[in-house]
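Peer 1: Its first residue numbered 1, the sequence shown is counted upward by one per residue in UniProt numbering.
All the given hints hold, so there is nothing to weed out.
For lysine-lysine, the following PhoX-like pairs were computed, each having C-alpha atoms within a straight-line distance of at most 25 Å:
no. : residue 1 : residue 2
1   : Lys57     : Lys20
2   : Lys176    : Lys274
3   : Lys134    : Lys99
4   : Lys314    : Lys259
Just the calculated beta-carbon pair ranges, DEER-fashion:
no. : residue 1 : residue 2 : range
5   : Ile158    : Ser17     : 38 to 48 Å
6   : Thr13     : Ile158    : 31 to 41 Å
7   : Ala73     : Val8      : 12 to 22 Å
8   : Pro211    : Gly264    : 21 to 31 Å
9   : Gly263    : Asp240    : 32 to 42 Å
10  : Pro211    : Thr266    : 17 to 27 Å
11  : Gln270    : Asn148    : 18 to 28 Å
Bear in mind the hints are in silico, worked out from the structure with no lab data behind them. All C-beta atoms in this analysis are idealised placements derived from N, C-alpha and C, irrespective of residue type, glycine included.
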Amino acid sequence: MARQGLLVGTRGTVNVSQVKPGRFRARTRYRDSDGKVRQPAAYGKSASAAARALDKKLLERPKRASGSLQPDAPFREVCESWYARILLEGRLAPTSLVKYRQTLDSPILSSNTGLGERAFSEMNTAVLDAFLLKDATEHPARAKRAKNVLSQVMLHAIRHDLILSNPVRDVGRLPKSVLGDPRPATSEEVERLRWAASEFEAGNLRPGRRPTMPIGAIVDVMLCGLRLGEAIALRWDEVDLDARIPQITVSGTVIQLPKSFDGGPTARRQDKTKTPRSRRTIDVPDWIADRLRSLPRRGELIFCTASGSAYSPKNVARAWRAVCVAADVSGLVMHGLRKTAATVTSAWAGPQAAADLLGHVSDRLTKDRYIGRRESVTEARDALAVLFNAGR
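Taking the hints into account, I'd like the entire structure generated from these sequences.
Peer 2: Below, the structure written as structure tokens:
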């Protein structure tokens with residue numbers, strides 16, 4: 001009858017031999033978690049001491065994975081394996097891939113942390129908790145992204161039989177950012193901002209050539225509840241400016257990618273919104289239609305460079321900062337314009353109208369589940385007309 005083989009994680013008979021006076025060696029056959037049988041050894045001053053040392057060594061022996069990754073591999077290697085896998089899957093949007101890559105490079109694998117060169121087997125809950133807490137004291141939002149990436153890396157490790165459970169799951173809660181949400185603009189600030197935007201377009205805010213970017217029109221469209229990327233992604237075939245009630249349709253967004261991403265343009269339009277619910281049609285005041293109609297048509301995009309390319313969100317944000325300085329408005333980011341539209345609309349027509357304007361899920365479960373969110377937003381139009389009235 002054939003001898004039964006060792007089960008994974010078990011050993012055979014321990015054989016002890018004397019190497020020299022006062023030194024003994026204990027050896028056995030041991031089947032690792034990768035299925036291979038190896039012969040580990042341990043030494044002691046006596047036969048029993050050598051046997052105990054061997055048992056201790058087997059208990060502490062790092063598990064070997066069935067794949068190419070091993071528990072004693074550098075943590076950097078496991079992180080890069082995870083990133084290569086999500087690239088291969090091709091499910092994530094380019095912006096998500098860029099954010100994940102940036103988070104891996106800093107702070108996770110930064111030379112300042114030292115995590116990348118440590119063995120993966122050392123990445124326990126205590127180590128990861130200390131790392132995240134330290135990063136969160138200075139960069140709360142970055143630490144939150146790092147926690148998400150680390151959790152995905154550990155799930156990748158589980159699939160490669162490196163660990164049995166996710167150590168990130170048990171790390172402590174991270175401190176929240178003290179910056180808070182963007183604040184909305186007041187009606188007086190809106191008036192000053194629109195004046196400063198017209199001065200920017202006239203070339204009165206900085207020396208040199210007159211800017212071609214219609215920052216004032218971009219600000220006005222964002223005050224209709226659009227995100228920056230949604231506003232500069234609007235196409236001429238998505239607006240109906242000659243209808244009895246003018247409408248604009250949000251169906252895409254402009255994203256910013258590093259030059260090294262794929263060799264294409266850094267600013268590009270993608271034909272999808274942030275979420276499926278962000279696709280919406282908005283009724284806008286008549287004068288917004290007049291403002292858009294007055295813009296030159298350089299390509300399919302309403303807001304584009306002289307060559308028809310999409311504006312870089314970074315360049316628009318730079319122009320916005322110049323406008324804020326000229327308007328003497330501080331502490332207002334561009335996303336605050338979107339919150340301004342929501343605040344005014346909610347006060348005028350209720351929170352549901354504001355949620356529809358922004359493309360958000362309703363906060364009223366019954367209406368969201370049984371009536372559904374409308375793709376055409378009409379209630380906000382009168383509120384927006386009131387908001388803009390002072391700046392006309």
